[in-house]
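Sequence lines, in order, name chains A and B.
Our numbering puts the first residue of the first sequence at 1, with every later residue one more than the last.
Our numbering puts the first residue of the second sequence at 1, with every later residue one more than the last.
Because the hints were derived from the structure by calculation, they are not lab data.
Mixed in with the good hints there might be a few duds.
Stated by the list, open to error - Part of the chain B face toward chain A, derived, beta carbon under 10 Å: (1) 86; (2) 158; (3) 187; (4) 242; (5) 512; (6) 514; (7) 717.
In this text, a Cβ means the ideal position worked out from N, Cα and C, and glycines have one as well.
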Amino acid sequence: MKQIGLSYFTDSLMTLIALILFFLSFVFLIYRVYFFEKKETFDQLSQLPFNDEEVSHVEQ
Amino acid sequence: MTDKQTVEVRYDNKIVIYFMMATLIWAGAAFLFGLVAAIQLAWWPANLNLEWLTFGRLRPLHTNAAIFAFAGNAIFAGIYDSTQRLLKTRLFSDMLSWTHFWGWQAIIVSAAISLPLGFSQSKEYAELEWPIDIAITLIWVVFAINFFGTLARRREKHIYVAIWFYIATIVTVALLHIINSLEVPVSLVQSYPVFSGVQDALVQWWYGHNAVAFFLTTPFLGLMYYYLPKAANRPVYSYRLSIVHFWSLVFIYIWAGPHHLLYTALPDWAQTLGMIFSLMLWAPSWGGMINGLLTLRGAWHLLRTEPIIKFMVTAVTFYGMATFEGPLLSIKSVSLLGHYTDWIIAHVHGGALGWNGFLTFGMIYYLIPKMWGREMYSKRLMNYHFWFGLAGILLYYISMGTAGITQGLMWKAVDGAGYLVYPDFVETVTKIVPLYWVRALGGTLYIIGYIIAVYNIIKTIKLSEPMRANELVLVTVKKAPPKAEQEGLHRKLEGYVGVFTVLTFVAILVGSVIEIWPTLFIHKYVPQSEAVQPFTALEQAGRDIYVSEGCYTCHSQMIRKHPSDVLRFGPASTIGESMYDRPFQWGSKRTGPDLARVGKKYSNLWHYRHMDDPRSMVEQSIMPRYSWLLEKKVDYYSLRKKLSVLKRLGVPYSQAQVSEADRWAENQAQLIVENLKEEGVDIKSDRQIVALIAYLQALGQKALDNETALEHLKLVPGEEGAQ
């Protein structure tokens, strides 16, 4: 069984399928991020580091 | 009705300050150890003939101090500071924070004591012995609970990109550390890894490379995404790019480990995967660098006026350079030239001093005024620090890059008749010694910069009010996000920490499983022609001394499948030859020659004299003296336990070999002692040098039909030719 499993690593079809799967996942991520989600949302999110304090007073 | 409310948050600055101070203190130690080690390579007497200061022991101390003490404390400081502010809440538990702090410092102190004493697993960046490994695991769990607990009670629903990188760090480092530290104790200060040979090599470099990826890269990228926008007072260039950067990086990075093992006995498919994924890393790494640098769009003038920006921008630039060079070095033909040489040392230090070092100093210069409520004492001194540091890095990088390429070319040089142009290895070493001095000068400049920084920080603190240990702030919190904001898959994902963490874990698990799982069974399929006998009891004792002394820091035991290696050192190493090696000792640097086939190349007397004084055998050698090996004793009785553990791990020792291990060792030691006596050297059989000679003479001499090896089997009391 293990030997059969190991033999797949020289199977070009398997590696090709893996490559296509990884590539499609990447394309899906790019599509969602660049063409589906709104720019204003991201602009808002990128401001998060600046929303950490309004007024600051010190206590020891 | 408003959807916002203002709440009070009391940030814990004290823990951040403590981690920051620890960073500065350990930085001094890490830099100093590095400088001394650099001088030792240029001038061997700097080893001072003290066993705990030899290069083999000092180098792991330097790397561990730099990675876990300097960079480690820096990332904890930055993570605790930025996480509180990004999530608008105090850290989950003060008790856990302080347990984390003191626990981590105790681990560092344990390392600082145990490594010079020679308690080492001799696996790069994983040298620490099993009790410390357990302590690291426990403290990392404390850190994780504190971090995820803080996330659980956050007041900001959406987790900012910096937090994603912290999540990836915590999850992945835990996995890497636990898997690579699977070991069986032999005593309180020694253990044997569960994996052996090629398995150990692959797991170690899966760990080793990803220690760089997930301890020195992802957390620092998180810090970059938080502190660079804060210092420049403008948002990150592209949040979209940061999403692509994050997921691509964590998925791809984990596969890259095998590029440390190109042309070795590791199966070709794994080498190719390592190379391809390393090349793919170019894209996300540079995406991150571009995102960092373009954050300064429209504010490049700050680079002239603000030292903090100088440090951070230079750090990101070094990140870009290092992540360009890394994939380049992963190309097989380039690796052939650069691997085992100082080019790799140059590459690592470009990243460590430039990227990690400068980002850390930039972050500290940003935090000190915040924590103490006043500007830095001197901007001019900050600038001096920057320029000393930068000059130091450049001198270091150029000298070691030149040394590496020079030596690599000399190793490969073959004349028209097919002979090596530089057959004497030492010739290729003496050629680059002047460059070792230049490297030491570069390190000195970097340390001068560090001293200026410490002085500047001390002056700032002295002139300030007491530190803001607990800072009370008012923050605005949204009660519920407007509907429009709920659109978008990734936006939603950023609100669900659990799902996000699981997906991150899956992303790093894919490459880990595909690369490591098949290798775990590989020893079952080693052809009989490549199989070897396990080391005898005495040879194993010698091997433990070799491991303890950190010989792997200068000597490889892996002859690559390439003519230049084969011409110099003999036939290429096979998987079978190291199948019982725990830990594997393939090495990553050749300051001295490869030792995979050194057995029987020289006499016992040669080794004896060479270890006592290397210059007596090789005039130009830069190796330290190991005279104490002639005095220190081996505990032969402990070999019973050691062989018993190895037998349990799968080494085919017979019961007699285990139960008579001590007498077996003494019998073989006697043969070496008698041989030395014939040559005029009188030495007792229980000295470490005898065991080490036995081990060195066995390297490359353990084939199943090797006559000497078969003779040694007959030395087991009450057993004729075991096996």
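Structure-based check of each hint:
1. Interface restraint check: residue 86(B) against chain A, minimum CB-CB distance 6 Å, threshold 10 Å, status holds.
2. A hinted interface residue such as residue 158(B) counts as satisfied when its beta carbon comes closer than 10 Å to some beta carbon of chain A; here the least separation is about 6 Å, so the hint holds.
3. With a least beta-carbon distance of about 35 Å to chain A, the hint placing residue 187(B) at the interface is violated under the 10 Å criterion.
4. Proximity of residue 242(B) to chain A holds as hinted, the smallest CB-CB distance being about 8 Å (cut-off 10 Å).
5. Interface restraint check for residue 512(B): the shortest CB-CB distance to chain A comes to about 15 Å, outside 10 Å, so the restraint is violated.
6. The interface hint given for residue 514(B) holds, since its Cβ lies 8 Å from the closest Cβ of chain A, which is under the 10 Å cut-off.
7. At about 39 Å, the closest approach between the beta carbon of residue 717(B) and any beta carbon in chain A exceeds 10 Å, and the interface hint on this residue is violated.
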